[in-house]
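So the sequence lines, in the order shown, correspond to chains A and B.
Residue numbering for the first sequence follows the numbering used here, beginning at 1 and increasing consecutively.
Residue numbering for the second sequence follows the numbering used here, beginning at 1 and increasing consecutively.
Don't take each hint at face value.
[Said to hold, decoys possible] Listed below are several chain B residues computed to face chain A (Cβ distance under 7 Å; list not exhaustive):
1. S7
2. A60
3. K64
4. T156
5. D178
6. S182
7. T234
[What the hints assert, rightly or not] Restraint-style ranges between C-beta atoms, simulated for each label pair:
8. A/A181 <-> B/P339: 47 to 57 Å
9. A/E149 <-> B/K316: 26 to 36 Å
10. A/E149 <-> B/I356: 48 to 58 Å
11. B/A28 <-> A/R121: 20 to 30 Å
12. A/E60 <-> B/K44: 37 to 47 Å
13. B/G170 <-> A/Q217: 51 to 61 Å
14. A/S212 <-> B/G148: 44 to 54 Å
15. B/M169 <-> A/L77: 42 to 52 Å
[Stated by the list, open to error] Computed list of lysine to aspartate or glutamate pairs in DMTMM-like fashion (alpha-carbon distance at most 20 Å, straight line):
16. B/K222 <-> B/D50
17. A/K80 <-> B/E266
18. A/K175 <-> B/D322
19. B/K16 <-> A/D20
20. B/K199 <-> A/D171
21. B/K16 <-> A/E155
22. A/K175 <-> B/E194
23. B/K56 <-> B/E266
24. B/K56 <-> B/D332
25. B/K123 <-> B/E151
Keep in mind the hints are simulated off the structure, nothing from the lab.
Even for Gly, the Cβ is constructed at its ideal location relative to N, Cα and C.
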Amino acid sequence: MAEYGPFEMIAYTGSRVLEDETIVFVGTGLPIIAAMHAQLTHAPNLNMIFEAGSLAAILEQGMPLSVGDTRAFRKALFAKGLCAAFELTQRGYADYAFIGGAQIDMYGNINSHFQGGTYSRTGTRFPGSGGAGAMAANCEKTISIMALEKRRFVERLDFVTSIGFGDGSPDYRQKSGVMGAGPYRVITNQALFGFDHETRRMMLLEVLPGMSAADIQDLVGFELLISPDLKEMIPPSEADLRLLRETCDPEGYFLKRKVNKEIKDADQKVTDMAA
Amino acid sequence: MHNHACSNIGNITSQKGEVAAREDIPFAFWGPTPMEARKAAVAKKKGLHDKRTTLKEAVATHIKDGINLGIGGFVNTRVPVAIIHEIIRHGARDLTLSFQSNSICVELLAGAMILDPDHVSIKRIELAWYGYEVIGIAPLFRYLMANGMIELDDYTNYGMSARFKAGAMGIPFIPTRDHGGSDMELLNRGKMIECPFSKENAYLVPACHPDVGIVHVPMADKYGNCRIFGALCTCPEIAQAATASIVTTEQIIPNENIRNYPNLTEIPYPVVDAVIEQPFGSTPGACYGYYWFDMPHFQEFRSVCDEFRKTGNKDKLKAYYDQHIFGVDDFDGFLAQKPYKLLKELRLQDGMQPIIKD
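Here chain B stands alone, though its shape is the one from the complex (with noise of 0.2 Å):
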């Protein structure tokens, strides 16, 4: 956006049609609001209640066509394939995804949406980052842009962890130090402003709420207390900036346990909505405590994403979402085609990290 704030990114910038053709946009959340975000949390029960159930029952539940989608992890660590999986299965159409960095879990979407976008599809997209790091560029987001399917709101992954933490918050935007001076702050929903205080150019982002965030952790209670080892990502802001939140864990723990570390909670109970147990809840993607990436997965899915993208053939796209995601009725279905001996080795490439379950 551009203001009577702002930084000498117009001297530079190649966007100045894009710039021209967002003037007269008006400000708008791609979600709930702040003030329908809070209403949604006022309304929940605050008791201790049994969340556990099925991933199916939590879909159901929760997912429906036009919701901002919010999806926890970090590119494939700790990412919730088992939920998108779920997702996938059960449809849902003009999706905003977001999220900071992500992988697998966005081109599966984009590839259900590829092969039938009356059953999935993505309208827009708040990030800051969507590939596959050392494996390359995900050809499905490429297809898509190329293509101008979709809309995007581009941040750093500050910028996007900052909007969630805003929302976690409860309050409508935040300042940051960054963006400023970039091609971002032309395009993106964010707003330069001069800090009354400081005097100084600080930029502001607006909150991000999903209407679902969706997030795999290592364990939890029943009740929804969840503990994370490794990197926490941007998983706590979003559970809780989200008016509602599911989530996968590789174990159930008993409350008790909680009750003895209380300082390892990082996602209070009030926060979480569904509680489903689901081991290998991240595969092919990572765990920290459980298992490790599996690559030759990673690259057989990009290979028949990018064979599309370069032949418009969608055999090989629609024969891996048959085999793994439509033609089992859940997720330990997908887990069950993959033999014990590979699991037993993700686990121990993991490298045996030490995590509490007490």
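Just chain A, same shape as in the assembly (with noise of 0.2 Å):
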């Protein structure tokens, strides 16, 4: 059995969840590999959209260190900026957002704005909604990234910033004016998740191979639904990880951290994510 790191399982489970024939809409980092393994592997056909404004690039030039950086728009299809992008994703051509944050709540509500303290007065102030907000609004769904713990998935967000079932009513997203399903998959490097049709709410999907679903719970400050066909999550093959390391993240600048090298340094990847 090949070993893995935490990032790459979140990029490997991110890429199963991608469908092929679909746009996908990243954020830098591990969105965009996920996206890469997925068009190498079961998806050829997936394209990209970056908020900065292009379609379909193709990332041979290295990791884009940020969505409008210039190897986010070599040879790209179509290059505009962010007006084109969010218009396409608004009139419906963007199927799955890919986004983070610093709070999940059951609903699959997002905060990437701050925490601790008031709007006016911020305890952490994070860098804002960036594209995320509007990614969630119009994506058809919403995939999110997240680090598994009880201080990040909350009863209540400090702030909502990127809306998924709001209160968890049947027309909360209707009410809000918004366009898309709503949130779809949360991926943790321990857990997948969905959301539950009937409820709306949060439900366990899988497990990392050998975590219990209580295991799971444990780092959850909320109560989880779970799947009544519960499943391992699938880890990634060695042909898999050479994919992820020689051809999609080469300079390791994404799945190489450890995951004790300062949570912190997570969290701010995934924080900066909701860009």
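Build the complex: two chains, separate frames, hints provided.
Here is the structure:
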């Protein structure tokens, strides 16, 4: 069995979740790696939008460090600006949003504005919505990447940045004037979550081999629904890891960071993915 | 803003106190109103004039205390660093900054404020995102907000882009399908309405008209017709929404070239008031077709900012500004501090993107 790091598991799981013949609205880092891996394996006709305005760039010059940078625009099919990227999305042409944040609640609402304090005087102010709020509103399905910790999976967000299912009421999104169907998957390195169709609450779908539903519940600050068909997360194979390490992120910029190299760094990356 | 058309965000918000504090504040544009912006456009001379000048002159002419400064680029891609350096040298107080996602340009202004708020100060920001992406949170932003030093108006990247678009279109607001259902619906200055045609809720965002838009482009002619390759970001909209625009460019190209391929013009000349040829005008940021990010420089600046945030000691922050901004006459002076090998390497790292100068 091949040895893999936590970020490799996240990227691989992200790839598994994506489907062929779709357009994915991605942010820098793990979402791009997941989408690239998907393109190289089961989804060769998946294409990416970057919010600074490129559609279907070919990522042959290394990992973009920003969704607006040169590498994210190289050999694109269409290159304009933010308005064009979001207009296409609002119109319905972006199937998946790949976002992150600092906190998530049981209805998939996400916070990337601040933690602690108040809006005017913040404990820690994060960068802000960036593209995430718009992506969560208008891509058809939202996939989010989060670090699995109790202080992130919370009962109540300090600030609602990216809309999920709101308060869980059936018409929350409609009354909000947003278009997409809402939260679809939440990917962590130890568990994969979906959302129950009836109640719109977060539901545990898969766990890391060796972990139980109870283990995951211990890391979450609200009551999880557990899928009656709970599975194990599929680990990346040798071939997958080769793809990830040699083709997708050869510089190891996003995949190689160790779990305990300050969870803070990981926090930062995850928070900054809300761009 | 809260009114009769709304989502159920009230059921999940933690920000009721902040909402209450804003209840009685009437809406006001944080800069020129749409009517003022219109008048400014009408008043401009529309002939083809040689608008080439120096940054010193352009900044002295257009940058005043209290203006709304619209900053182009996206995070650190094609950002107007050279213009920001000159604004800091010149001084500007009580600024309203407007942009979608930005990074070093805003941090540079924030650092200048921390060093001498009587010379440069930020009053408020209309934004969607302010940070460093892969490198981390912007320490001075975190510091300013932890101390409640500036007022914010938060939107999504689309929201701010749509606001500039509305400004560029000459309309006072534009509907979007986002912000609703988030705390931005409660706290920003947009407004939910029921669409009179579809009966669905839609979120209106007000136009944003900067007094001055600052933009860096790869090439422009002397009249101000600008081409952009790679990400357009929201630069055409910002330049057109602003009542005046200052453009730096990697190189001035002949007007004949613009006329060869008019489709490639992203910003038309009437919208531009000053053109300055400034190679490497975005560094340490990147410019598609020209140069990549200077990551060590970002890390150097960010670390002196973070040191100030953590310790309160301004020495290293001051040293950075003294060396790179106040200690040089102009941006060429800043560039001259860099070894040729570095600039050459940044050019190579761009990866030879095809661009059209003809």
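Hint-by-hint comparison with the structure:
1. The beta carbon of B/S7 comes within 4 Å of a beta carbon in chain A, closer than 7 Å, and the hint placing it at the interface holds.
2. Interface restraint check: B/A60 against chain A, minimum CB-CB distance 30 Å, threshold 7 Å, status violated.
3. At its closest, the beta carbon of B/K64 sits 27 Å from a beta carbon of chain A; the interface hint therefore is violated under the 7 Å criterion.
4. Checking B/T156 against chain A by beta carbon gives a least distance of about 4 Å; that is within 7 Å, so the hint holds.
5. Checking B/D178 against chain A by beta carbon gives a least distance of about 4 Å; that is within 7 Å, so the hint holds.
6. Checking B/S182 against chain A by beta carbon gives a least distance of about 5 Å; that is within 7 Å, so the hint holds.
7. Residue-level restraint check for B/T234 holds (minimum Cβ-Cβ distance to chain A is 5 Å; threshold 7 Å).
8. Checked against the hint of 47 to 57 Å, the pair A/A181 and B/P339 passes, with Cβ atoms roughly 53 Å apart.
9. At roughly 33 Å, the beta carbons of A/E149 and B/K316 sit within the given window of 26 to 36 Å.
10. Taking the beta carbon of each, A/E149 and B/I356 are about 49 Å apart, inside 48 to 58 Å as hinted.
11. For the pair B/A28 and A/R121, the supplied restraint of 20 to 30 Å holds, since their beta-carbon distance comes to about 23 Å.
12. Here the CB-CB span from A/E60 to B/K44 is close to 44 Å, well matched to the stated 37 to 47 Å.
13. The hinted range of 51 to 61 Å is satisfied by B/G170 and A/Q217, whose Cβ atoms lie roughly 55 Å apart.
14. Distance hint check: the CB atoms of A/S212 and B/G148 are about 45 Å apart, consistent with the given range 44 to 54 Å.
15. Between B/M169 and A/L77 the CB atoms are about 26 Å apart, so this pair departs from the stated range of 42 to 52 Å.
16. The straight-line distance between the Cα atoms of B/K222 and B/D50 is roughly 5 Å, inside the 20 Å bound, and the hint therefore holds.
17. With a CA separation close to 10 Å, the supplied pair A/K80 and B/E266 stays within the 20 Å bound.
18. Restraint check for A/K175 and B/D322: not satisfied, since their Cα atoms lie roughly 53 Å apart, outside the 20 Å limit.
19. Taking the CA atoms of B/K16 and A/D20, the gap is near 43 Å; set against the 20 Å cutoff, the hint is violated.
20. A distance of roughly 14 Å separates the Cα atoms of B/K199 and A/D171; the hinted pair therefore holds under the 20 Å criterion.
21. Using a Cα cut-off of 20 Å, the hinted pair B/K16 and A/E155 holds, with the two alpha carbons roughly 17 Å apart.
22. Distance hint between A/K175 and B/E194 is fulfilled; the C-alpha atoms sit about 10 Å from each other, no more than 20 Å.
23. Taken as a hint, the B/K56 and B/E266 pair is broken in the structure, with Cα atoms around 25 Å apart against an allowance of 20 Å.
24. Our distance criterion of 20 Å between C-alpha atoms is met by B/K56 and B/D332, whose separation comes to about 12 Å.
25. For the given pair, B/K123 sits about 7 Å from B/E151 by alpha-carbon distance, which is consistent with the 20 Å threshold.
Hints 2, 3, 15, 18, 19 and 23 from the list above are not met by this structure, while the remaining hints are.
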